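Protein sequence lines correspond, in order, to chains A and B. So the first sequence is numbered by the working numbering: it starts at 1 and just counts up by one. So the second sequence is numbered by the working numbering: it starts at 1 and just counts up by one.
In case anyone wonders, no lab produced these hints; they're calculated from the structure. No experiment lies behind these values; they were computed from the predicted model shown. Idealized CB from N, CA, C, for every residue including glycine. Any given hint might turn out to be false.
Straight-line distance between alpha carbons at most 16 angstroms, and here's what the computed EDC-like set of lysine to aspartate or glutamate pairs gives [what the hints assert, rightly or not]:
| hint | chain 1 | residue 1 | chain 2 | residue 2 |
| --- | --- | --- | --- | --- |
| 1 | B | K146 | A | D48 |
| 2 | A | K146 | B | D48 |
| 3 | A | K63 | B | E2 |
| 4 | B | K146 | A | E131 |
| 5 | A | K146 | B | E131 |
| 6 | B | K153 | A | E131 |
| 7 | A | K63 | A | D156 |
| 8 | B | K47 | A | D76 |
| 9 | A | K47 | B | D76 |
Distance ranges between label pairs, derived from CB positions [stated by the list, open to error]:
| hint | chain 1 | residue 1 | chain 2 | residue 2 | range |
| --- | --- | --- | --- | --- | --- |
| 10 | A | M1 | B | A30 | 35 to 41 angstroms |
| 11 | A | T152 | B | D76 | 37 to 43 angstroms |
| 12 | A | G21 | B | V78 | 44 to 50 angstroms |
Protein chains: 2
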Amino acid sequence: MEPVIFSPVGVVHSPHKELSGMPVQPPSAAGIIGEIEIFPEFSEGLKDIEGFSRLMIFYHLHKSAGPLLSATPFFDTVPHGVFASRIPRRPNPLGFSVVRLLSCDGTILKIADVDILDGTPVLDIKPYVPEFDAYPNESSGWFEGKLSGIETKRSDERFL
Amino acid sequence: MEPVIFSPVGVVHSPHKELSGMPVQPPSAAGIIGEIEIFPEFSEGLKDIEGFSRLMIFYHLHKSAGPLLSATPFFDTVPHGVFASRIPRRPNPLGFSVVRLLSCDGTILKIADVDILDGTPVLDIKPYVPEFDAYPNESSGWFEGKLSGIETKRSDERFL
Chain A
1 MEPVIFSPVG VVHSPHKELS GMPVQPPSAA GIIGEIEIFP EFSEGLKDIE
51 GFSRLMIFYH LHKSAGPLLS ATPFFDTVPH GVFASRIPRR PNPLGFSVVR
101 LLSCDGTILK IADVDILDGT PVLDIKPYVP EFDAYPNESS GWFEGKLSGI
151 ETKRSDERFL
Chain B
1 MEPVIFSPVG VVHSPHKELS GMPVQPPSAA GIIGEIEIFP EFSEGLKDIE
51 GFSRLMIFYH LHKSAGPLLS ATPFFDTVPH GVFASRIPRR PNPLGFSVVR
101 LLSCDGTILK IADVDILDGT PVLDIKPYVP EFDAYPNESS GWFEGKLSGI
151 ETKRSDERFL
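With the hints as constraints, model all of the structure from the sequences given.
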């Protein structure tokens with residue numbers, strides 16, 4: 001099948017300047033503020049976005065080292081397959097975070113719960129719609145029992 | 001910023017052969033069965049995936065016509081920005097569905113609630129982890145009050 005070529009539509013500004021020591025998921029980043037700057041040619045795409053309280057951000061893990069098919073994630077001590085984990089070294093380095101939307105001012109989205117590296121290229125934004133996206137009672141596989149302390153969980157150097 | 005090149009890691013097999021008349025979101029596709037065939041070179045990436053009851057599928061909307069910055073979505077009668085909607089004609093045609101995982105047999109994932117076109121290239125799979133991904137109480141913006149009848153909602157020809 002043919003490769004797919006995506007072009008960034010914006011960029012993330014965040015306090016996270018290094019891959020090590022970062023929050024590993026949005027619940028590890030509660031209250032951490034950042035911005036998404038949408039490039040001016042896409043500004044029309046933001047119409048009515050301020051009605052949503054959360055957004056799904058799809059981005060290029062642009063500092064990811066090459067792919068791994070399995071690895072030991074931050075939340076465990078044994079390896080799991082890349083498609084059964086959220087490790088950043090993926091066959092296609094596509095990042096995904098569900099963040100809070102605080103405001104939209106022109107082409108600047110102010111967001112919270114930001115676990116994304118500063119300078120990250122944004123590929124798409126979709127509004128979080130609980131009817132489509134929220135499934136609170138699903139099983140978390142190997143994550144079960146491993147998420148205590150998530151609020152302060154930080155990345156280490158294992159994927160650099 | 002530089003373009004990003006992604007290569008498919010698998011392909012979706014589903015009963016949906018045409019873009020028109022399809023379920024528009026997984027809740028419109030409850031019980032509809034399909035498969036994801038992961039290409040053999042990525043099989044190691046599936047290790048431990050069977051512990052999860054839902055997966056997030058990231059895919060190329062490979063039959064999408066060119067991008068629109070705003071359009072009238074299936075769920076409304078007035079236009080909204082592409083980043084405030086789930087319309088398929090996006091600046092980067094990246095699809096996202098949260099589906100049920102029924103089984104994993106070798107490189108074949110049997111899935112349910114499938115709203116994805118047959119033959120769709122899969123770019124990534126991540127396990128759905130409610131602690132990271134489920135926010136049932138968020139506001140749905142312009143979708144509020146527009147989702148009655150979602151169970152049987154089907155696409156029409158507006159985006160062809």
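**OP:** Below or equal to 16 angstroms on CA atoms is what counts here, so check A/K47 against B/D76.
**Re:** The given pair, whose Cα atoms are some 14 angstroms apart, holds under the 16 angstroms limit.
Subject >> Distance restraint between A/K146 and B/D48, which requires alpha-carbon spacing of 16 angstroms or less >> reply: Distance ~15 angstroms between A/K146 and B/D48 Cα, so the pair holds.
Original post:
Hey, A/K63 versus B/E2, does the alpha-carbon distance stay inside 16 angstroms?
Top reply: holds, 13 angstroms
Original post:
Does the structure keep B/K153 and A/E131 at a Cα separation of 16 angstroms or less?
Top reply: holds, 13 angstroms
**OP:** Mind checking the alpha carbons of B/K47 and A/D76 for me, to see if they're no more than 16 angstroms apart?
**Re:** holds, 14 angstroms
Original post:
Does the alpha-carbon distance linking A/K63 and A/D156 stay inside the 16 angstroms limit?
Top reply: Cα-Cα ~15 angstroms, so holds.
Original post:
Between A/T152 and B/D76, does the beta-carbon spacing fit 37 to 43 angstroms?
Top reply: holds, 41 angstroms
Original post:
Taking 16 angstroms as the top limit, are the C-alpha atoms of B/K146 and A/D48 close enough?
Top reply: holds, 15 angstroms
Original post:
Under the criterion that the straight-line Cα-Cα distance not exceed 16 angstroms, is the pair B/K146, A/E131 satisfied?
Top reply: holds, 11 angstroms
Subject >> Pair hint outcome, A/K146 versus B/E131 [Cα-Cα no greater than 16 angstroms] >> reply: Holds. A/K146 to B/E131 sits at ~11 angstroms (cutoff 16 angstroms).
Original post:
Between A/G21 and B/V78, does the beta-carbon spacing fit 44 to 50 angstroms?
Top reply: Given about 45 angstroms between the Cβ atoms, the range holds.
Original post:
Lying within 35 to 41 angstroms: is that true of the beta-carbon distance A/M1 to B/A30?
Top reply: violated, 29 angstroms
Checked against the numbered hints given earlier, the structure breaks only hint 10 and satisfies all the rest.
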